[in-house]
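Colleague: Chain B: place on chain A using the hints.
Top line first, the protein sequences correspond to chains A and B. 409 is the number of the first residue of the first sequence in this note's numbering; add one for each residue after it. 2 is the number of the first residue of the second sequence in this note's numbering; add one for each residue after it.
I should point out that these hints are in silico values taken from the structure, not numbers from a laboratory. On a predicted model such as this, the values are computed, not experimentally measured, just so you know. Do not take every clue at face value.
[What the hints assert, rightly or not] DEER-style ranges, computed between Cβ atoms:
hint	chain 1	residue 1	chain 2	residue 2	range
1	B	442	A	435	42 to 48 Å
2	A	445	B	285	49 to 55 Å
3	A	544	B	196	19 to 25 Å
4	B	53	A	465	28 to 34 Å
5	B	196	A	445	46 to 52 Å
[As the list claims (entries may be wrong)] DSBU-like cross-link-like pairs, simulated, lysine-lysine; straight-line CA separation at most 30 Å:
hint	chain 1	residue 1	chain 2	residue 2
6	B	407	B	357
7	B	40	A	566
8	B	474	A	411
9	A	453	B	476
10	B	475	B	357
11	B	357	A	453
12	B	40	B	25
13	B	357	B	474
14	B	475	A	429
15	A	411	A	436
16	B	476	A	436
17	A	453	B	475
18	B	357	B	68
19	B	476	A	411
20	A	429	B	474
21	A	560	B	357
22	B	407	A	453
23	B	260	B	207
24	A	436	B	475
25	A	453	A	429
26	A	436	B	474
27	A	453	B	474
28	A	411	B	475
29	B	128	B	260
30	B	476	A	429
31	B	357	A	566
C-beta atoms are modelled at their ideal positions from N, C-alpha and C, and glycine is treated no differently.
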Amino acid sequence: MAKYFARIGEATYELEIRHGKEVTVDGKRHSLDYQVIEPGVFVVKLNSRNYRVLLESGDGELMNVRVLGRSYSVHLQSEFRRRLELASRGASAGHAKTEVRAPMPGLVVGVRVRAGDRVQPGSTLLILEAMKMENEIRSLHDGTVAEVHVRKGSAVEKGEILVRFQ
Amino acid sequence: MKSIRRILIANRGEIAVRIIRTCKEMGLETIAVYSEADKRSLHAQIADESYLLGAAPAAQSYLDMDKIISIARQTRCDAIHPGYGFLSENAEFAEAVSREGITFVGPPSSAIRAMGDKPRARELARKAGVPVVPGIDRATERDEDIIRAARDLGYPALVKASAGGGGKGMRIVRSEADLSSAVRAARSEAQSAFGDDRVYLEKYLKNPRHIEFQVLADVHGNIIHLGERECSIQRRHQKIIEESPSVHLSQLLRASMAKAAVLVARSCGYVNAGTIEFLLDQDSNFYFLEVNTRLQVEHTVTEMVTGIDMVREQLRIAQGERLSLTQEELLSRGHAIECRIYAEDPFNSFFPSMGKITRLRPALGPGVREDCGVEEGSEITVHYDPLISKLISWSETRRGAIARMKRALQEYQLSGVETTIPFCLYVMDHPDFQAGRYDTFFVENHFQADSLKLDDRLSLIAAVTSACVAELKKKMASTVLPAANGRAQSKWKSKRLDMSDWIE
Chain A
409 MAKYFARIGE ATYELEIRHG KEVTVDGKRH SLDYQVIEPG VFVVKLNSRN YRVLLESGDG
469 ELMNVRVLGR SYSVHLQSEF RRRLELASRG ASAGHAKTEV RAPMPGLVVG VRVRAGDRVQ
529 PGSTLLILEA MKMENEIRSL HDGTVAEVHV RKGSAVEKGE ILVRFQ
Chain B
2 MKSIRRILIA NRGEIAVRII RTCKEMGLET IAVYSEADKR SLHAQIADES YLLGAAPAAQ
62 SYLDMDKIIS IARQTRCDAI HPGYGFLSEN AEFAEAVSRE GITFVGPPSS AIRAMGDKPR
122 ARELARKAGV PVVPGIDRAT ERDEDIIRAA RDLGYPALVK ASAGGGGKGM RIVRSEADLS
182 SAVRAARSEA QSAFGDDRVY LEKYLKNPRH IEFQVLADVH GNIIHLGERE CSIQRRHQKI
242 IEESPSVHLS QLLRASMAKA AVLVARSCGY VNAGTIEFLL DQDSNFYFLE VNTRLQVEHT
302 VTEMVTGIDM VREQLRIAQG ERLSLTQEEL LSRGHAIECR IYAEDPFNSF FPSMGKITRL
362 RPALGPGVRE DCGVEEGSEI TVHYDPLISK LISWSETRRG AIARMKRALQ EYQLSGVETT
422 IPFCLYVMDH PDFQAGRYDT FFVENHFQAD SLKLDDRLSL IAAVTSACVA ELKKKMASTV
482 LPAANGRAQS KWKSKRLDMS DWIE
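Bound conformation, chain A alone (with noise of 0.2 Å):
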């Protein structure tokens, strides 16, 4: 018998399964089987429904896994592994997201805002170029920009830290 937690998105599932066959999620019973069928790909039967499911990747605690074609990043922990991190996480606060990520690899032909720029809801901060299109990359929030981590010409990978706010 085995507990895990898994994060989607919001959602955190809490699940148990037992002999390979049965399965509970948040206390309600399923019955289950599943299969590799080859490498990265899984046949899941959960109440005798079949799903075809990939995984893409499975670094650790973090996996990847497809169901018709939809993309779901789920964050597995057992249960061991949870209070640990519940416990250690204490009374620090969570803090509030403070910097802008390049959403695509991406070549920056513009930048618009500089370190201590007010900037609101929408203001451009600078323009990523990718496939020959031009994207404005936007603020979500207001304030005051800190630092910004690119120039005109900088290519970008996924994920680069753009523009930092104070």
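Modeller: Here is chain B on its own, set in the frame of chain A:
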């Protein structure tokens, strides 16, 4: 005109593969060209011969006219098919190819030039008696002139690149305050996409439908149309789902739009396959938009309902043959839908999604066609358009075609990059799409990333699967752990149950 024996396909991806297929069926020898990034790509593998063009950036490969023509000359090609995009609508290229005594599979350079200059195309259409979208045709250099012109036209307005197409160099302007920055952005995008920063203004029609007519014209003066395609489902002004016929056209309207399409083609001395694009407003008034002087991405839906191989027609026309059928002989049957599968993330504003395709199992079965340009292991890079594949369904009825498309999309397995598959499924399931109540604002009006995200059933499956993976990992570890016992280990080894077997 001489007959074609050896043909160079100056393109990549699915369209190069599609063209090579017809060429092979016609017994032609096919020559592919590829960039450094495409060394292992499908089109380069299936052609009879293939030659390296240059580095990955298009400017150093698929846009390098001199290099392409020199390869065609050295390999004794008698024709070049440009596909779509890249050099397909470049009049200079068409001319340079012809100068070498090589047949350019496409319209004469004069027609490309006339239709490529959007204000001039509008002028020709108007003179032929075809209504055009209200707008200011002079491509003005000075922003002050544009501001004054926009006051006469009213807002919202569209700033468009004179040399444009495909939504590039296009900006919607809602008020005068936004005009200058929109013009600047459009100019800069137009300059980088087309090497020409001229822009013009068009009135922004309210909730129009995008309807286009396919025409075929031979050198003997015969022009026919192959009916329409409805291409209103777009994101970023770029098509993503197309169908034929359109549910919005009455027989009468279809006939008058078809007549207008043929008139526009005639107005510029068009030869070969071309597409006349129109906007249809909510009162069923149609306006000429532009001509695409090439094979379209969505030509497949026309092929499915007419049974005509358009690439074959293109090659026949290029050899000086007559059209293989008359307007009266054209028979359309059933309904076809195309879904473009792009490496884009519909959950994140359709941003391109780069990476390696780790699994690809297209869906086929009755009434389904797939035009694909990649295989497992192919890399989607920043250098080119992120179109992976086109899925096309056909059935006797529109409802049947939707059901088939839905089935095929559900069956389609692709991993490694995000794709537009979930979006396409969403559209197939949408009551307004099913009822044919949609226009070019469908995505803005009906689609938020959230409309896809919330699917409790699938997210539950994802959660359960992840727990199954963890169970498997644990089971493996506990069996492999007593490593001193060589037997346990070898048993797993013989089954090749390495962790990497589950995770690519």
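Colleague: The structure should be examined with respect to each hint, and the outcome stated for every one.
Modeller: Now for the hints, and whether the structure bears them out:
Checked against the hint of 42 to 48 Å, the pair residue 442 (chain B) and residue 435 (chain A) passes, with Cβ atoms roughly 44 Å apart. Take residue 445 (chain A) and residue 285 (chain B): their Cβ atoms lie about 51 Å apart, and the range 49 to 55 Å holds. Checked against the hint of 19 to 25 Å, the C-beta distance between residue 544 (chain A) and residue 196 (chain B) comes to roughly 23 Å, which is consistent with it. Separated by about 33 Å at the C-beta atoms, residue 53 (chain B) and residue 465 (chain A) satisfy the suggested range of 28 to 34 Å.
Take residue 196 (chain B) and residue 445 (chain A): their Cβ atoms lie about 50 Å apart, and the range 46 to 52 Å holds. For the hint pairing residue 407 (chain B) with residue 357 (chain B), the CA-to-CA distance comes to about 25 Å; that is within 30 Å, so the pair holds. Distance check on the hinted pair: residue 40 (chain B) and residue 566 (chain A) sit about 25 Å apart at the alpha-carbon level, within 30 Å; holds. Distance hint between residue 474 (chain B) and residue 411 (chain A) is fulfilled; the C-alpha atoms sit about 14 Å from each other, no more than 30 Å.
Among the hinted pairs, residue 453 (chain A) with residue 476 (chain B) is consistent with the structure: their alpha-carbon atoms are about 19 Å apart, no more than 30 Å. A threshold of 30 Å between alpha carbons decides the hint, and for residue 475 (chain B) with residue 357 (chain B) the separation of about 28 Å falls inside it, so the pair holds. Between residue 357 (chain B) and residue 453 (chain A) the alpha-carbon distance is near 28 Å, which keeps this suggested pair within the 30 Å criterion. Of the pairs offered as hints, the one joining residue 40 (chain B) and residue 25 (chain B) holds, with about 21 Å between alpha carbons and a cut-off of 30 Å not exceeded.
About 25 Å separates the Cα atoms of residue 357 (chain B) and residue 474 (chain B), which keeps this hinted pair within 30 Å; it holds. Distance restraint check for residue 475 (chain B) and residue 429 (chain A): the Cα-Cα separation of roughly 16 Å lies within the 30 Å cut-off, and the hinted pair is therefore satisfied. The suggested pairing of residue 411 (chain A) with residue 436 (chain A) holds, with an alpha-carbon distance near 14 Å, which does not exceed 30 Å. Between residue 476 (chain B) and residue 436 (chain A) the CA atoms are separated by roughly 24 Å; this keeps the pair inside 30 Å, and the hint holds.
Under the criterion of a C-alpha separation no larger than 30 Å, the hint pairing residue 453 (chain A) with residue 475 (chain B) is consistent with the structure, at around 20 Å. For the proposed pair residue 357 (chain B) and residue 68 (chain B), the alpha carbon gap of about 29 Å is at most 30 Å, so the pair holds. For the suggested pair residue 476 (chain B) and residue 411 (chain A), the alpha carbons sit about 14 Å apart, so the restraint of at most 30 Å is met. A threshold of 30 Å between alpha carbons decides the hint, and for residue 429 (chain A) with residue 474 (chain B) the separation of about 16 Å falls inside it, so the pair holds.
Between the alpha carbons of residue 560 (chain A) and residue 357 (chain B) the distance comes to roughly 28 Å, so the proposed pair stays at or under 30 Å and holds. Of the pairs offered as hints, the one joining residue 407 (chain B) and residue 453 (chain A) holds, with about 22 Å between alpha carbons and a cut-off of 30 Å not exceeded. Taking the CA atoms of residue 260 (chain B) and residue 207 (chain B), the gap is about 25 Å. The hint holds against a cut of 30 Å. Straight-line distance between C-alpha atoms of residue 436 (chain A) and residue 475 (chain B) comes to about 24 Å, which keeps the hinted pair within the 30 Å bound.
With a C-alpha separation of about 10 Å, the suggested pairing of residue 453 (chain A) with residue 429 (chain A) holds against the 30 Å cut-off. Distance check on the hinted pair: residue 436 (chain A) and residue 474 (chain B) sit about 24 Å apart at the alpha-carbon level, within 30 Å; holds. Under the criterion of a C-alpha separation no larger than 30 Å, the hint pairing residue 453 (chain A) with residue 474 (chain B) is consistent with the structure, at around 19 Å. For a cut-off of 30 Å, the pair hint linking residue 411 (chain A) to residue 475 (chain B) stands: about 12 Å separates their Cα positions.
In summary, the hint linking residue 128 (chain B) to residue 260 (chain B) is supported, as the alpha carbons are separated by about 15 Å, within the 30 Å threshold. Under the criterion of a C-alpha separation no larger than 30 Å, the hint pairing residue 476 (chain B) with residue 429 (chain A) is consistent with the structure, at around 14 Å. A threshold of 30 Å between alpha carbons decides the hint, and for residue 357 (chain B) with residue 566 (chain A) the separation of about 15 Å falls inside it, so the pair holds.
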